[in-house]
Amino acid sequence: MLQLSGKKSPRLDRFATLVDLRRGDAAILDDIDLPGDDARRLMELGFLPGTRVVAGLSAPGGDPRVFQVDGSEIALRRETARRLKVRFAGDPGTP
Amino acid sequence: MSACSDCRSCQTAPRRGISTAVLAAPPKTVALIGPPNSGKTTLFNRLTGLRQKVANFPGVTVEQHTGVAELPDGSAVEIIDLPGVYSLQPRSEDEQVAYDVLTGRRADTAKPEAILLVLDSTNLARHLMLAAPILSLGVPTLIILNMADDLRARGGHVDLEALSSRLGAPVALIAARQGEGIEAVVDFLAASPAKPAPAEQLQVLHDVPKCREWAGRVGSQASYRAPIPPVWTRRLDTVFLHPVAGPLIFLAVVCGVFQTIFTAAVPLMDGVKWLFDASGNWIAVTLPPSLLRSLLVEGVWRGVGSVVVFLPQVLLLFLFLGILEDSGYLARAALIADRTMAKVGLQGKSFIPLLSAYACAVPAILATRTIENKRDRTATILIAPFMTCSARLPVYTLLIAAFLPNRQLFGFANVRAAALLGLYALGFLVAVATARVLKSSVLRSGRTPFLLEMPSYRWPTLRSIGLRLYDRSKVFLRRAGTVILLVTVVLWVAAHLPTVGGKAPGIEHSLAGMVGHAIEPAIKPLGFNWRIGIGLITSLAARETIVGTLGEIYGMDPESRALDMQKALQHDLTTGGAVALMVFFAFAMQCISTIAVVRRETGGWRWPLFQFAYMGVLAYAGAFLAYHIIP
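Protein chains in written order, with my numbering: chain W, 383 to 477; chain H, 335 to 965.
Bear in mind the hints are in silico, worked out from the structure with no lab data behind them.
The model shown is predicted, which means the values in this text are computed figures rather than measured ones.
Just so it is clear, CB atoms sit at the ideal spot from N, CA and C, and this is done for glycine as well.
A few of these clues could be false.
Partial list, derived from the structure: chain H residues whose beta carbon lies under 7 Å from chain W [stated by the list, open to error]:
no., residue
1, Tyr420
2, Ser421
3, Val542
4, Glu547
5, Ala560
6, Arg569
7, Leu669
8, Asp672
I would like the entire structure built from these sequences, with the hints used as guidance.
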């Protein structure tokens, strides 16, 4: 079991998705579980497997949330973020 | 004319080595392309200024912006501003149009002889992905790295010469908002450019990771150093997206915009009305009394004036929308509104256009252009006319004053105020219900994910907002000048023919009166007689026209003799009939301008006809129920 830097401690095991990240948490994107065209759209925006993603601020209630990825800030709804599988990324906070 | 390599002052990196086919002459048509938020439109505005045209590509909903850039030697280049795209894979309508134009597959657009590719220099590695498919088209291309000021301020760097030699095409670093480096673009347009000759085989595979890898490699070969994150944007976001302060600021912005378009616009609108009345009177006094004078004053002038009077409100609305969009706050507002809008199947970006529709559906429908998802955009366009626009207000106030008592209801709410509020709520609820139905049937988005890019905050520029206001007022006034003019003239003719002994007949014996009598059986079940019928027909041009028409039918000025007008109405309608009439106005699509703009924005007659029929059926059913429920 991998643990993130103590704070808020989202558990990033191998079933973790972007939804499990709290503000400031970083993770490496593993896989996009969406149909081809939708996955490609996300990849064009920077959500490529192997890329570091940092969770940012969100709308009230936590949905949608902004993610910092490949130099941009992209907001995703919870229903989409749930389809993006991630793994542990090392020290969080620095985008 | 100089080739770019011997131009000294410009910031364009010279092309090196490989020399390929050079075009015989400078290009005549040039396409401008780039990802969304790359500042493409800012550059387009810089290059073309007021010499632009906005239309739709025939058959699709994609806007076609074309403009003419004047070069120092006096020659002109036509520039086509293509929609913002991340790739050239034709999947969405935008990408299909961009692809078709660039490859010369659209019969209506000449194949561009050169391409201006605009990329955000602060996000170069990712944006360079678009360079591969563009350069592989083999069309002379200038790669423009925009937002040079941001790159510098945030400590980024790129070696233009190295980048140019890797890509085999000239590269220019500019700041379109400040106008910095624009000369490089102008020089490229004035020269005879050559086809690109990239240093390595381009990755135009449909494989995004490989393309990104190539872009990253080219970036590092050009010693690209990404800038540090925008500090001010992060700071502002902690305020604007704060869990408590964020929604409060959002509400304040919404109320502020609403308040301004309804209060600050009023004196301006009164001013325009006064101008039209005064000039109408002047024409009336100057010309000898005749049918022609009546046509000019009562037909043309009054009809066009009734639409132009909304111009101040529309302009104020677009001023706010422009500031919100250009500053970057619109994306944050969309983020905050998204969850609420998602409940009816829409998305955050639908919120501001729907809000604008309370002023007027026409600017609201134009404002839906910020919604990239076509189905969400169509759904927003279809429900926007249900919002209570300002043209309905004069009708509501006249009928409420004539039929509803001015007393307290249950001791606290005024009956009249409650009725007005109820009409606003009625439109809103029907809009919500319609959105739900549409979004769960014909306009279902499926699983297409909602993606919202958060741009950095920027100061809006006067130039960009000014151009937008100019463009929008042109669209708005063209409606008033064409469709509305035509309809008002037709209505005037119908009300004044056939002549009896060279004089106009009374309205009862005019063509309009005959039509009113003809449709009476159809509207009788709603509690309307032929006089109201004439009003319904004339209000097709614009809703508030019914007030003037009824005034004309009763032979009195609705303003100076408001009480007489109310009495006359009470003679024609029961209270149930009056409520039915208001419900009819709440639902029916009685606005030629809106129909015309929906046709334009949805690229055909399908949606406006559906909307007209749907709203008409709803209006009829609603009015029927109201008339039969209320005594």
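query: Out of the numbered hints, which ones does the structure contradict?
result: 4, 6
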